Every structure is written in C-alpha cells, then in structure tokens.
Amino acid sequence: GENVEQHPSTLSVQEGDSAVIKCTYSDSASNYFPWYKQELGKRPQLIIDIRSNVGEKKDQRIAVTLNKTAKHFSLHITETQPEDSAVYFCAASRDRGSTLGRLYFGRGTQLTVWP
Amino acid sequence: ETGVTQTPRHLVMGMTNKKSLKCEQHLGHNAMYWYKQSAKKPLELMFVYNFKEQTENNSVPSRFSPECPNSSHLFLHLHTLQPEDSALYLCASSQADRSNQPQHFGDGTRLSIL
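These protein sequences, in sequence, are chains A and B. Sequential numbering of the first sequence, starting at 1, is according to the working numbering. Sequential numbering of the second sequence, starting at 1, is according to the working numbering.
Just chain A, with the same shape it has in the complex:
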C-alpha cells in the first residue's frame, strides 16, 4: 500500500518568513495530493491540492510543487502570519483500484509562526 512520509514534524518561523513542508510517497500510481490545515480544536480543512498532470499550483501565499519522478511534493507558505500556525497534513490518493478515494496521510507538521 501507499506510504506517505512528512517532514519536519515541527517548524517554527518568524512572521514574514517562508515555511516549507515536504512529503514523499511510495506508490507511483498515486495521482492526487491534497494538503490540509488543522487549527487547534478544529477540523482538518483542505487548503490546496495538486494533481499529477501539473508540477506546481499557487493560491495567494500558498503553493504546492510536485516531482513525480522523485515521488515528492512540498507545501510552500510565503509571508507567514501568526494565523498560519496550525498542524498541516499532506496526503496522497489514486483515482482507481480498490483504494479509490482513500487518502493516505502524512504524520503532520506543527507550524508555529512567531510575531
């Protein structure tokens, strides 16, 4: 089955700096990679996703890059703000087979942005 590794487990940055979280996956058939943000006491919420037919996607201060050959993808947050502090989860999924729709999650990264 798929195995998703996520690093680092904790990340502290100064407000205004950039933050990068990296994930690797093992199943070359995985073709969908969402990122979730979970604030303390709240539900995980989708913040951005990428499909395997593109290498990069941006949404304001957030970007995700995908390297299919190396089987890794990364989340980039620029100009970080204290409200970006949360746990971020990466995930991988495939669009066919018996595990259709199932998300394989990384272990999460606790991001703390200091004012």
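What the hints contain is simulated information worked out from the structure, not anything from laboratory work. Just so we're clear, the structure is a prediction, and the values are computed from it rather than from any experiment. Take the hints with a grain of salt, since some may be wrong.
List of simulated lysine to aspartate or glutamate pairs, EDC-like, C-alpha gap at most 16 Å [stated by the list, open to error]: (1) A:68 - A:56; (2) A:22 - A:49; (3) A:68 - A:49; (4) B:40 - A:39; (5) B:41 - A:39; (6) A:42 - B:107; (7) B:40 - B:85; (8) A:58 - A:79; (9) B:41 - A:5; (10) A:68 - A:27; (11) A:71 - A:56; (12) A:22 - A:56.
Go by the hints and put chain B onto chain A.
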C-alpha cells in the same frame, strides 16, 4: 461550512457504557470515513464506506462497530471502550470516483473514557 455534521461534539462515557457517534453529510458524496485522532499522533483511518458498503476495516477492535444505512449517514457504535480509546473521532466524506476529489471533514466528536 456545514457539509459534514457530527454529533455529539463531546462525549464522556464509562468503560461499560454503550453509545453511538453520528455523522451526516449534505454534499451528495458516495463515500464516508471514520478516523481516530489521538494527541500528537497522525490521523488513523478506521473504516471506509463506499456506496454504503464497507470497503476497508483497518484492524479496528470489535468494540467499535460502524453502520452506514445510506450514503448520507454514518454511525460508530461504541461498547466497552478502554481509556486508550479517548481521542477525537473525525468523520469525512468524499466523491470517490475517477475524478479524485478531496475529503471533507466534520468537526469531530471528542471522546473521553473514564
């Protein structure tokens, strides 16, 4: 966002009690999921239902019993739980087809076992 609703939000129960968690999705999805999230641990997938049929059971103890009467409702029946079962239980739903859609989560039920 009220696409996925979970009740109750908090539950405290003794080890001999029987209770049920409820999840309802209003997004027209065909797949629903139960996850367990313990403190400082990753999300653990417990059960997957696709078109009301259970397609995955990740070696979950039998004291957790899922039920999916239709594609909009999902229950988790709890019986003789252990203290280590205290956690946040999250429900999610998605459209599981070849278009690769994200999962949408509910707010979870915070379960405490006395």
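Hints, verified against the model:
{"no.": "1", "hint": "A:68 - A:56", "verdict": "holds, 11 Å"}
{"no.": "2", "hint": "A:22 - A:49", "verdict": "holds, 14 Å"}
{"no.": "3", "hint": "A:68 - A:49", "verdict": "holds, 15 Å"}
{"no.": "4", "hint": "B:40 - A:39", "verdict": "holds, 13 Å"}
{"no.": "5", "hint": "B:41 - A:39", "verdict": "holds, 15 Å"}
{"no.": "6", "hint": "A:42 - B:107", "verdict": "holds, 6 Å"}
{"no.": "7", "hint": "B:40 - B:85", "verdict": "holds, 14 Å"}
{"no.": "8", "hint": "A:58 - A:79", "verdict": "holds, 14 Å"}
{"no.": "9", "hint": "B:41 - A:5", "verdict": "holds, 14 Å"}
{"no.": "10", "hint": "A:68 - A:27", "verdict": "holds, 10 Å"}
{"no.": "11", "hint": "A:71 - A:56", "verdict": "holds, 14 Å"}
{"no.": "12", "hint": "A:22 - A:56", "verdict": "holds, 14 Å"}
Checked against the numbered hints given earlier, this structure breaks none of them.
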